[in-house]
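S.K.: Protein chains in written order, with our numbering: chain E, 1 to 254; chain V, 255 to 734.
Calculated directly from the structure, the hints in this document are not laboratory data.
Quick caveat: nothing in here was measured; it's all calculated off a predicted structure.
Errors might be hidden in some of the hints.
[Claimed, not checked] Subject to a maximum C-alpha distance of 27 angstroms in a straight line, what follows is the list of computed DSS-like cross-link-like pairs (lysine-lysine): (1) V:421 x E:151; (2) E:110 x V:311; (3) E:122 x E:195; (4) V:452 x V:591; (5) V:723 x E:118; (6) V:591 x E:100; (7) V:320 x V:678.
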Amino acid sequence: MLIIRNLHAEVEDKKILKGIDLTVNAGEVHAIMGPNGSGKSSLASVLAGRENYQVTEGEVLFEGKNLLDMAPEDRAREGLFLAFQYPIEIPGVSNINFLKTALGEIRAYKGQPPLDAKEFLKLSREKQKLVEFDANLVNRSLNEGFSGGEKKRNEIFQLAMLEPSLSILDETDSGLDIDALRIVSQGVNKLRSEKNAFIIITHYQRLLDYIVPDFVHVLYNGRIVKSGTKELALELEEKGYDWLKEESREKATI
Amino acid sequence: MANDNEILDNIANKEYEFGFVTDIEMDILPAGLNEQTIRYISEKKKEPEWLLEWRLKGFQAFRKQKLPEWQNFTLPPIDFQKISYYAAPRNKKKYNSLDEVDPELLATFEKLGIPLSEQKALAGVAVDAVFDSISVATTYKEKLKELGIIFCSFGEAVQEHPDLVKKYVGSVVPHSDNIFAALNAAVFSDGSFVYIPKGVRCPMELSTYFRINTENTGQFERTLIIADEGSYVSYLEGCTAPMRDENQLHAAVVELIALDNAEIKYSTVQNWYPGDKDGKGGIYNFVTKRGICKTNAKISWTQVETGSAITWKYPSVILQGDNSTGEFYSVAVTRNKQIADTGTKMHHIGRNTRSRIISKGISAGHGQNSYRGLVQIGSKADEARNFTQCDSLLIGDQCGAHTFPYIESKNNTATVEHEATTSKIGEDQIFYLNQRGIDSEKAVALIINGYAREVLNQLPMEFAVEAQKLLSITLEGSVG
């Protein structure tokens, strides 16, 4: 589904990603961990097409297409979804109207007719239930006055509505209390299928107790320095990141 | 990858869609302003003596007044002698039916999206169309007549309902009110007249469409709406003009009279030619709008201002009667080099009077947007209440937003609240919407309409959609 080859990127001439290689297949959940400033969120931003990131080298194929050539909205329409670390507030635009517009755009891109009001409402109710999203929040202005937890849960609700093939969760667990964490994780687990894939960016192992990954990668200094299975996450929790930093430095000097 | 700044630039530089000129034979009075001009207009319109005298009083007042200097922009010099004060399509015969109207003229209105044909009945809209100086056709007159509602051109009202006109004209905006109102009193050419009888609820939206076509003419229409006791009317005006390099003056006067328990809702969608991107040409929209509320009456102004090189107006309400209510809802968009200095005045005179002001300014390009409002509480206005909210939205970093709220209270039982915010459309907001599959143009339209929603909600249903479209066209893109 997603093939990243030797991806280099920079922000304002500062090198952030220094050669990322990663392959994600349908049905897989990949966790990307790493210390602060290692480039985790930058990777998410580059994949989603945030403007201030310059790709200097490498390629990214998404469902066989060159992702880096696409405008951000086309990446979304192709099925790439980013759950934001800090979801944005848009006053006066109702959550539901926003989702209707978004879904309409994505469907139009795929050559599908728009859902009529009844179908849309039905879909929305189903998904609210699935991810335990408060019906009152659906009609409120998009994220305006939402608590941190409500915003994160809204991201998962949007994910459920738009049914992307690849979802990137950028530190969705940050700022969540344990109940919210459980609800968000359950939502993701219900949405997991053989057809879609998830990249979960997180600082802590905690989230991975709920969403069990197939693969765990450690990002450090703009590179993936170690990959493994879910046991790697436990090892990191126990030992911290320092031993990996050492290891990567040794590698660099060899 | 789409560059947000580029998109914002495109949005800010979108061209004017209604800039075409209609080729039609016109009777145009040579430029110039003197007593003869006024006598000519009055004679042309076969006016009674009292109206000519009133016009001449307006002209005296005009000559004594100077252009104001308190505005927050530089007023370019206006040569009142270079303007023609009367222009009318040549076919002066009175039309008995729409079939007799010049097809070229009808086509113009079609192009503007206001078919005069009775098909509009379906939309429940009665339209009075003013082309340059004269009122071309008023639809549905007959239907309204059954209810005793008078909806006609001002000129016709002068002929057929002189008593009503004489009683109320200048009663809210006197002939000497300000220099532009005085000019209007002297040379007004036509406009609309509405009278709703006691206890009648007008069953359809009444609508006027103004268009300036001829070069070097000014448009000086005068609208007078009288809602008799316990009646209700909703009225909408829309405006466009061709693209021209010269500035054209539009100095209208609107007077609203809401008698006891009556309600008037007055909505404006103003899209006069704003000038080109360098600020050349465009309409000077200097309008005096004021209403008076008697006991328990209500007047509500709603305006969506997207056009004109300079918009300078303050639709106001005199809350004379006890328990009366005044409202002002405004969205003003300025882009390129446009200037808007607009707001309202709420004069609380009666007891327990209420007013509510919601102003939303949107500035893009090099646009300058000022809110200027006066809330005045008189000594007898016990328990008067006002709430004001004025928000400004900035698009790009070359534009400006300014707020000038004035509050004068002579009664210590009054409550006056004022809230103000300024925000920017952030790249973050656009990117967030992009990431959900919405392109940048639509994203901006969505954000703008969300921002203006509180005001757009006040517009009559069918016009809310149009206004939403206009906002999106003005700032490019369409709304989902």
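S.K.: The structure should be examined with respect to each hint, and the outcome stated for every one.
M.R.: To see whether the hints hold, each was checked on the structure:
1. V:421 x E:151: violated, 60 angstroms
2. E:110 x V:311: Violated: residue 110 (chain E) and residue 311 (chain V) sit about 68 angstroms apart, past 27 angstroms.
3. E:122 x E:195: Given pair residue 122 (chain E), residue 195 (chain E) holds - Cα atoms ~23 angstroms apart, limit 27 angstroms.
4. V:452 x V:591: Violated. Residue 452 (chain V) to residue 591 (chain V) sits at ~46 angstroms, over the 27 angstroms cutoff.
5. V:723 x E:118: holds, 25 angstroms
6. V:591 x E:100: violated, 35 angstroms
7. V:320 x V:678: Judged against 27 angstroms, a Cα distance of about 38 angstroms means the pair is violated.
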